[in-house]
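Participant: Residue numbers (the working numbering), protein chains in the order written: chain A, 1344 to 1714; chain B, 1344 to 1714.
None of these hints come from the bench; they were simulated from the model.
All figures in this text were calculated on a predicted structure; none of them were measured in a lab.
A hint or two may mislead.
Copies of one chain are not kept apart here, so a pair can be met inside one copy or by any two copies together.
When the alpha-carbon atoms are kept at most 25 Å apart in a straight line, the in silico DSS-like pairs for lysine-lysine are as follows [said to hold, decoys possible]: (1) K1513 to K1471; (2) K1444 to K1394; (3) K1578 to K1462; (4) K1520 to K1458; (5) K1663 to K1640; (6) K1458 to K1492; (7) K1472 to K1552; (8) K1513 to K1472; (9) K1704 to K1618; (10) K1520 to K1462; (11) K1513 to K1458; (12) K1471 to K1552; (13) K1578 to K1471; (14) K1471 to K1553; (15) K1526 to K1513; (16) K1472 to K1553; (17) K1458 to K1578; (18) K1513 to K1553; (19) K1472 to K1578.
There are 2 protein chains.
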Amino acid sequence: MKEFVVTPWEVKGKVDYEKLVRNFGIELLDERILAQLKKHTGELHYFLERKIFFAHKYFDLILKEFEKGNKFYLYTGRAPAGPVHLGHLVPWIFAKWLQDKFNSILIFQIPDEEKFFFKDDLSLEDTKKWAYENILDIIAIGFDPKKTKIFLDTEYAGHLYKYACMVAKKVTLSTTKALFGFKDSNNLGEIFYTCMQSVPAFLPTIWEKKPTNCLIPCAVDQDVHFRLTRDIAPKLGFPKPATILCKFLPSLTQGGKMSTSVENTAIFTTDTPEKVRTKIIKYAFSGGRKTVKEHRKKGGIPEIDVSYQYLTFFLEDTKKLKQIYEDYKSGKMLTGELKEITIEVLNKFLQEHQKRRERAKEKIEEFMLRD
Amino acid sequence: MKEFVVTPWEVKGKVDYEKLVRNFGIELLDERILAQLKKHTGELHYFLERKIFFAHKYFDLILKEFEKGNKFYLYTGRAPAGPVHLGHLVPWIFAKWLQDKFNSILIFQIPDEEKFFFKDDLSLEDTKKWAYENILDIIAIGFDPKKTKIFLDTEYAGHLYKYACMVAKKVTLSTTKALFGFKDSNNLGEIFYTCMQSVPAFLPTIWEKKPTNCLIPCAVDQDVHFRLTRDIAPKLGFPKPATILCKFLPSLTQGGKMSTSVENTAIFTTDTPEKVRTKIIKYAFSGGRKTVKEHRKKGGIPEIDVSYQYLTFFLEDTKKLKQIYEDYKSGKMLTGELKEITIEVLNKFLQEHQKRRERAKEKIEEFMLRD
Chain A
1344 MKEFVVTPWE VKGKVDYEKL VRNFGIELLD ERILAQLKKH TGELHYFLER
1394 KIFFAHKYFD LILKEFEKGN KFYLYTGRAP AGPVHLGHLV PWIFAKWLQD
1444 KFNSILIFQI PDEEKFFFKD DLSLEDTKKW AYENILDIIA IGFDPKKTKI
1494 FLDTEYAGHL YKYACMVAKK VTLSTTKALF GFKDSNNLGE IFYTCMQSVP
1544 AFLPTIWEKK PTNCLIPCAV DQDVHFRLTR DIAPKLGFPK PATILCKFLP
1594 SLTQGGKMST SVENTAIFTT DTPEKVRTKI IKYAFSGGRK TVKEHRKKGG
1644 IPEIDVSYQY LTFFLEDTKK LKQIYEDYKS GKMLTGELKE ITIEVLNKFL
1694 QEHQKRRERA KEKIEEFMLR D
Chain B
1344 MKEFVVTPWE VKGKVDYEKL VRNFGIELLD ERILAQLKKH TGELHYFLER
1394 KIFFAHKYFD LILKEFEKGN KFYLYTGRAP AGPVHLGHLV PWIFAKWLQD
1444 KFNSILIFQI PDEEKFFFKD DLSLEDTKKW AYENILDIIA IGFDPKKTKI
1494 FLDTEYAGHL YKYACMVAKK VTLSTTKALF GFKDSNNLGE IFYTCMQSVP
1544 AFLPTIWEKK PTNCLIPCAV DQDVHFRLTR DIAPKLGFPK PATILCKFLP
1594 SLTQGGKMST SVENTAIFTT DTPEKVRTKI IKYAFSGGRK TVKEHRKKGG
1644 IPEIDVSYQY LTFFLEDTKK LKQIYEDYKS GKMLTGELKE ITIEVLNKFL
1694 QEHQKRRERA KEKIEEFMLR D
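Use the sequences and the hints to build the structure in full.
Facilitator: Quick look at the structure:
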């Protein structure tokens, strides 16, 4: 068994998601809960069918409460430190689906201080610049401006800081060291930051002036923050937030997750079709065999093929995906062909995204909360 | 040698101020610097003559810069958790004197989260209530509303948080543990708070958009926060703040400092004349002898007599104070007489203060900064 690491700041090695479920104290999204969800949504997003969103905590309670007439808010976020890549979009696409299906208000936190604390060479001006770049990608997802509130921590601190203090009083240094692995060499910002990430989970109750549920769609590495939030919530009189958690979009070169900080491992939302082509052709780790002859005979391994993984995230047509899987596995489809399909799917997706991203420039103010 | 403790949260035992000067790396206010100050002020406040304000860091540089035409801001604060007592007023009275003499803008921070972090039974509603009570005492000191900016941390966090983050990034947990004695059992608020206390020292430069000096008149226990601020300042491109530091007004029962949290050790600004009388008569630790006969023979000990100490803080007339010292020391003046004088001086002071405090209720908005 290879070792792997999953923290909000680092994903390393081949992630064993079953082990994560055990270690994080979360639950798998099983058939029972998916059936319960489908009662309300009529259909299941392919992220659910394909187990891309694979785990949760208290999502069953959110649905139970919803059935009693108690609505819930959605909350997700983006720590800006560079351009948005395809991996970032996954929870946002799913959040939009949930917003549409449940008519939910979405709180979108942009913690522009988080990466600033963790990266020496990053200034708050840098992260703010990236925040407003990233907001274009967020708006491009198609969220309802009347039901979506986006804010930067440093611009909305007048509202957030007070509640972060309430969280901070309830968390000891020991707890945060145990949860996040902090050492005495960490800075005070790194240590305090989790308090700010807890606050939006309480805003539904604060805004509605009555206990109001919050569901957080995010990648599984973020769950640790919300484990802390769930510990604190009852002490402050807030409902515990629920999470619904997705796997990581693999990096081009496989292993860990797609990451902005490692060159040539990510496809950015602003990449040109040519750039996407080059990245897939040159870098996308292949599950194919060494020679065409061997490939035809033994077949490819879609499970480790990055192009194929990308199709599971971005090719909506499940029948077509199945056909590709079988053709690649049988050896009928070569890696070159699989890559061409992936390039086409991603570029089609990005072409639409980039159009909406361009139009988003006029819409920013409709979405923003500021002090 | 008795042990003593001086931290921002605890003052215990008989304070050895000379030892503090060595331990804190601060300087005594010597004749040279007082003469330099007098060149600009024409006179010395009796707090300086009597060594109540006794130490400083970089005050000499502040004066040097002032002589070059570079003005400075003043900054002080009050962490609200209860009523204001006479001890709290000492740095404020001195800050007003400095404001008048140097025509300085005063930044007055009310960190309404600080005591909240340190006291289990205190809510942010409690500290906010006390904040606005305490602001009446601050305004009653007579600060110029055009040159005095008061804010609560939770109400002004929209402006402060960003800069607190810049400080936080530069301070490791190790540093803050060494400076403040924090343990892993401390909460995240206690640990982060010092970052918020640093920020007002940088506001002069931020507001003026050029390097602008800051002088902090405060009690000596606060210097540790500003030692941290001075370490950080150059890394963020801000001038190091200077401090000018006072001794503690003793508690009625002597030892440590006047404290709100210990019953019958403090005289509050809202105490009635009768209450002041009772407290001084019943509780003020006396430097007198056991019998009148012995007192007449050996004389009293003004150095340990709390009533006499209060006169050094609140009786402006230095000639009269000297006479009282001599009469008490020689045995000519009995403790009862000394206490009567003290009661009269304090009640006269409080009568005026309470009138101004009442009028302050109409003036709050002239002073406040909010997001």
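Participant: It remains to establish, for every hint, whether it holds in the given structure.
Facilitator: Going down the list of hints, with the structure as the test:
Within a single copy, K1513 and K1471 get their C-alpha atoms only as close as 29 Å, which misses the 25 Å cut-off; across copies the closest is 19 Å, which meets it. Taking identical chains as interchangeable, the C-alpha atoms of K1444 and K1394 lie at most 25 Å apart only when both belong to the same chain, with a minimum of 19 Å there against 72 Å between chains. Proximity of K1578 to K1462 under the C-alpha cut-off of 25 Å is restricted to the inter-copy arrangement: shortest distance 16 Å between copies versus 33 Å within a copy. Within a single copy, K1520 and K1458 get their C-alpha atoms as close as 18 Å, and across copies as close as 24 Å, so both meet the 25 Å cut-off.
Taking CA atoms no more than 25 Å apart as the test, K1663 paired with K1640 passes inside one copy only; the shortest distance there is 23 Å, against 109 Å between copies. Taking the closest pair of Cα atoms, K1458 and K1492 come within 25 Å of each other only inside a single copy of the chain (21 Å); across copies the shortest separation is 32 Å, beyond that limit. When the C-alpha separation of K1472 and K1552 is checked against a cutoff of 25 Å, the pair qualifies only between copies, where the shortest distance is 21 Å, while the shortest distance within a copy is 34 Å. For the homomeric pair K1513 and K1472, the shortest alpha-carbon distance between copies (22 Å) is at most 25 Å, but the shortest distance inside one copy (33 Å) is not.
Taking CA atoms no more than 25 Å apart as the test, K1704 paired with K1618 passes inside one copy only; the shortest distance there is 23 Å, against 66 Å between copies. Proximity of K1520 to K1462 under the C-alpha cut-off of 25 Å is found in both arrangements, the shortest distances being 19 Å within a copy and 23 Å between copies. With identical chains, the CA atoms of K1513 and K1458 are at most 25 Å apart both within one copy (24 Å) and between copies (14 Å). Taking the shortest Cα distances, K1471 and K1552 sit within 25 Å of each other only across copies (20 Å), while inside one copy they are farther apart (31 Å).
For the identical chains of this complex, K1578 and K1471 are inter-copy neighbours only, at 21 Å across copies versus 33 Å inside a copy, given an alpha-carbon limit of 25 Å. For the homomeric pair K1471 and K1553, the shortest alpha-carbon distance between copies (23 Å) is at most 25 Å, but the shortest distance inside one copy (33 Å) is not. In this assembly of identical chains, the alpha carbons of K1526 and K1513 lie at most 25 Å apart whether taken from the same copy (19 Å) or from different copies (15 Å). Proximity of K1472 and K1553 under a CA criterion of 25 Å is satisfied inter-copy only: 24 Å between copies versus 36 Å inside one chain copy.
Proximity of K1458 and K1578 under a CA criterion of 25 Å is satisfied inter-copy only: 19 Å between copies versus 29 Å inside one chain copy. For the homomeric pair K1513 and K1553, the shortest alpha-carbon distance inside one copy (22 Å) is at most 25 Å, but the shortest distance between copies (39 Å) is not. When the C-alpha separation of K1472 and K1578 is checked against a cutoff of 25 Å, the pair qualifies only between copies, where the shortest distance is 22 Å, while the shortest distance within a copy is 36 Å.
Violation of the numbered hints given earlier is absent; every hint is satisfied by the structure.
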